[in-house]
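Participant: Sequence:
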Amino acid sequence: MKLTDTCSKLYKRSTNHFPDLQYYKYDYRRTPVLKDSVIGKGDRTRRAVCIEEMLSMLACLKESDFDQRPCTQMIDTFNKCVHITENKRRANKDMQKSGVVSPSDKSAYVICIYN
Numbered sequence: 270m271k272l273t274d275t276c277s278k279l280y281k282r283s284t285n286h287f288p289d290l291q292y293y294k295y296d297y298r299r300t301p302v303l304k305d306s307v308i309g310k311g312d313r314t315r316r317a318v319c320i321e322e323m324l325s326m327l328a329c330l331k332e333s334d335f336d337q338r339p340c341t342q343m344i345d346t347f348n349k350c351v352h353i354t355e356n357k358r359r360a361n362k363d364m365q366k367s368g369v370v371s372p373s374d375k376s377a378y379v380i381c382i383y384n
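Using this note's numbering, you'd call the opening residue of the sequence shown number 270 and step up by one each time.
Result set (SDA-like, lysine to any residue): computed pairs, CA atoms no more than 25 Å apart in a straight line: (1) Lys366 / Ile308; (2) Lys349 / Arg338; (3) Lys357 / Met343; (4) Lys349 / Asn361; (5) Lys357 / Asp345; (6) Lys357 / Ile344; (7) Lys304 / Ser367; (8) Lys366 / Leu303; (9) Lys331 / Glu321; (10) Lys362 / Ala317; (11) Lys349 / Ser325; (12) Lys362 / Ile308; (13) Lys357 / Arg316; (14) Lys349 / Phe335; (15) Lys349 / Met364; (16) Lys331 / Met343; (17) Lys366 / Arg316; (18) Lys349 / Met323; (19) Lys349 / Ser333.
Cβ-Cβ distance ranges computed for the label pairs, FRET-style: (20) Arg298 / Lys349: 47 to 57 Å; (21) Asn361 / Ser306: 12 to 22 Å; (22) Arg299 / Arg359: 28 to 38 Å; (23) Gly368 / Leu324: 33 to 43 Å; (24) Val369 / Leu303: 25 to 35 Å; (25) Leu303 / Asp345: 46 to 56 Å; (26) Ala328 / Lys304: 46 to 56 Å; (27) Thr341 / Gly368: 38 to 48 Å; (28) Gly368 / Phe335: 40 to 50 Å; (29) Asn348 / Val369: 27 to 37 Å; (30) Ala328 / Lys366: 36 to 46 Å; (31) Pro301 / Gln365: 25 to 35 Å.
Honestly, the hints are just simulated from the structure, not real lab data.
Where is the CB? At the ideal position from N, CA and C, for every residue including glycine.
Whenever a hint applies, use it, and build me the whole structure from the sequences.
Facilitator: Shown next as structure tokens:
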């Protein structure tokens, strides 16, 4: 249990019994040491990709009463777009794991501080 100065003052104010509160102060479960690594939140890019292709494919399927034969070109276009995007995402993830940063991603890591 961790008692702060504010809690100690409230305890002293509400009782006549004054134990040694220094004994109860700052009882850490683990030692307060910084770790050597930082855990990120993962890939922050948007996951919704190829929306225009998907909308055109769904419109074509709706017009043809969900028959895939007349819409094969739209379906192929959507599948190619998804495949290309997944390959780019995998390549970026591999580059980040190896420590290489592409020039287009450098601007995402730069922080501007104005005084």
